[in-house]
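Let the hints inform the model, and build the full structure from the sequences given.
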Amino acid sequence: MAERTACLWCPDWPVVALRARDPSLDHAAIAVVERGERGLVVIAASTEAAAEGVTSGLRRREAEARCPGLVVAEADPQVEARAFERVACAVETFTPRFVLEEPGRISFPTRGPSRYFGGDTAMAVRFLDAVGAIGITDARVGVADGGFAAMLAARAAEPGAAYVVPLGESPEFLAPWPVAVLEDPEPGEAAELADLLVRLGLRTLGAFAALPDGAVLGRFGSAGTRAHRFARGDDEATAPPAPPPPELIETAELDPPAVHVETAAFAAKALAEQLMARLGALGLACTRVMIEAETERGERLTRCWRHEGALTPAALAARVRWQLEGWLTADDDGSVEELATSGLVLLRLVPDEVLPATGRQLGFWGGDPAAADRAGRVLARVQGMLGHPAVVTAVPQGGRTPGERVRWVPWGDPREPARPFEAVAAPGANAREIPPWPGAIPAPAPARVFDPPPPADLLDAAGEVVTVSGRGDPSAPPARLRCAALPDRGGEIAAWAGPWAHDARWWDRRTRVRRAYWQVLVAAPDGERVACLVAVTAGHAALEAIYD
Amino acid sequence: MVLAGEMVLAVPGPLGDLLPGGTVQRGTVVAVDGDPGAGATSVALQLAAAATAAGEWAAAIELDASLGGLAAGEAGIALERFAVVRRVPPARWAAVAAALLDGISVVLAEVPAYARVGDTRRLLARARERGAVLVAMGPWPAEAALRLRAEGSVWRDLDRGVGVLAERDQRVHVDGRGAAARDHVALVDAG
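Here the protein sequences come in this chain order: A and B.
Numbering-wise (this note's numbering), the first sequence opens with residue 1 and increments by one.
Numbering-wise (this note's numbering), the second sequence opens with residue 1001 and increments by one.
Heads up, some of the hints might be wrong.
Here are the in silico distance ranges between beta carbons for each label pair [claimed, not checked]: (1) B:Arg1087 to A:Gly119: 53 to 59 Å; (2) B:Arg1160 to A:Gly36: 43 to 49 Å; (3) A:Gly280 to B:Glu1167: 40 to 46 Å; (4) B:Asp1159 to A:Gly387: 42 to 48 Å.
A few chain B residues that face chain A, going by a derived Cβ cut-off under 10 Å, partial list only [stated by the list, open to error]: (5) Leu1045; (6) Gly1055; (7) Leu1067; (8) Gly1073; (9) Ala1075; (10) Ser1105; (11) Ser1153; (12) Val1154; (13) Val1162.
Computed from the model, here is a short list of chain A residues facing chain B with C-beta under 10 Å [claimed, not checked]: (14) Ala371; (15) Val406; (16) Gln519.
By construction, these hints were calculated from the structure, which means they are not laboratory data.
These numbers come from a predicted model, not from an experiment.
Even for Gly, the Cβ is constructed at its ideal location relative to N, Cα and C.
Here it is in structure tokens:
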């Protein structure tokens, strides 16, 4: 059975961290935003903002429209982690064995502390008191079997209170939760899985947990199996992770001692890369790491950080940096003392939990390693100048249109397609008989794909807009394309192919899109022909791409 | 020490047949220009493919975000060694290009309208110093070792409602120093 675990959760921690730094914001409506695929998106909101309807996942503009006078701040994980160090210290007085899941969330096994304080509830109250004493009143504690159930129990708890799931009842506790909560331990992949489960009619964790193991592995792969274990309330790895061999420990001596975060973080970054390279060579991935430091005066500082999935070198380096911020930086108002009273002389990274890597490690680049190193450095520098998502790399994936068939992944993130290349075969069907992505636009691919596509007019010989019926029949042959993005604003159509009619996501009324694609050759004023891909959606045409 | 053979980058495929010696000189600027639809982007992508075919790295700088990733793959680029910097503000364009030239063999860069001549000269010097190839897409106000101008394409297999876009003959005008002193007008089959 999964280990009995408690989770201490401070909701909307980014807001708390912000207020700790700037007390004038105490009663203001605040939203903390983070740059994601959809632009700036709210990740945390104060209760004042929440009362006006600002929720996480909202785009910045929408949030500002709902709540005039909203203070919008960008998320700063370093500040959040530094502020959270106070909470970590408070928890440390009760139990040394705790794991930082992220700034705002700590989990720890309850076996020791519960016995000492006389039961899970009594222990949880002690923890809440200790955290309340440092001014955090709306923290919640959840106790359950396994870390995932404990996290949800904390979410079910009232502010400043505990929610204890009785021993052995975690599966029943988990069953009614919607599958969307699977996104939390592991965003990205899990979000798509949750979306898919809902469409398959599996709306709760209980319904998902009831599926047989083999079927889940066959249909959803290893990511699905992991989520399935979470849903069943069994979130420990099936085989307990082996204790890592001591030679995997990476140590750096700092001479002269590092007093500034920057100096220590620089050493830590190299250390993190060495560790991950060594683990990668052994085919291992690391999910939990101990960060240890020693100071000139012989103090030893230790913290344990965990990451669902597996740590990448960049993710590990970021966590080490956050931790060093916590140790080496006092709060501006002096409310928190620096923990390290002198410079750091030693830094050590101990992989605490290693698992066989299941295809999540970075790909093998090929090519000359020295060139790879140089290229990696300059791309990291450009990411430093313009932000991580500004540098991308193309990952081919399944789809019908040139835009759909490529996923742009930020440089350094895993190159994984979001959509499979082949349509998924029904059990027993001959996979070869199922064409991959019926109705796909044939090769060659256009060299310019517009996002968003500029509006255009696709007209027939009589000057009427060309429409395409639900059965894929055009109202008339296209004769003219007008679009501001074309030389001389478009012209006569000399030749065409299509339409390819797509009825995307017909099973979902809200996201269903019916669209028809045309390949057209437009006569330019100098007698040249411009090959274009035009999409028509509900009578509105747009220039999707140019075959430049 | 750099060997003579390493001073050039071999360009495979039909574009290579148009270039002097089938190569581009490292440490130089190649200016690629053409009207939309004439095929300038495809020509630039083939130069990036030359870098990844040699096991090296390529990158592209875009002022918007319209480069076709699929077309890059079809041009023969090894996509895991091809980075794209998208939506670069025109004010930081030159700084980004200079940074990329430091460690990447072939850098495709969309040149903003009214790029400062001083910036372009500095990039020219940076490319020479690092032995990288800067492929300037758009109007390039400074000197270039090679100028390629896409002058249009003939799509063979498409008529009125018959056939699809499949094979094309592309006209590329080559103008440059040395072996490329005379103008080449030739057909590149990009089908």
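Satisfaction of the hinted span 40 to 46 Å by the C-beta atoms belonging to Gly280 of chain A and Glu1167 of chain B: holds (43 Å)
Status of the hint placing Ser1153 of chain B at chain A (closest C-beta pair under 10 Å): This interface hint holds because 7 Å falls under the 10 Å limit.
Chain A contact restraint for Gly1073 of chain B - C-beta distance below 10 Å: At 6 Å from the nearest chain A Cβ, Gly1073 of chain B passes the 10 Å test, so the hint holds.
Range agreement (Cβ of Gly36 of chain A with Cβ of Arg1160 of chain B, hint 43 to 49 Å): holds (45 Å)
Minimum beta-carbon distance criterion (10 Å), Ala371 of chain A to chain B: holds (6 Å)
Per-residue hint verdict: Ser1105 of chain B, partner chain A, C-beta under 10 Å: This interface hint holds because 8 Å falls under the 10 Å limit.
Status of the hint placing Val406 of chain A at chain B (closest C-beta pair under 10 Å): Check passed: Cβ of Val406 of chain A comes within 3 Å of chain B, closer than 10 Å.
Interface restraint verdict for Ala1075 of chain B against chain A (beta-carbon cut-off 10 Å): holds (8 Å)
Interface hint outcome for Val1162 of chain B [beta carbon to chain A under 10 Å]: holds (8 Å)
Interface hint status, Gln519 of chain A versus chain B (Cβ within 10 Å): Nearest chain B Cβ about 5 Å off; hint holds.
Interface hint status, Leu1045 of chain B versus chain A (Cβ within 10 Å): holds (6 Å)
Leu1067 of chain B as an interface hint toward chain A, with CB separation required under 10 Å: holds (7 Å)
Going down the numbered hints, you'll see the structure goes against none, and every one checks out.
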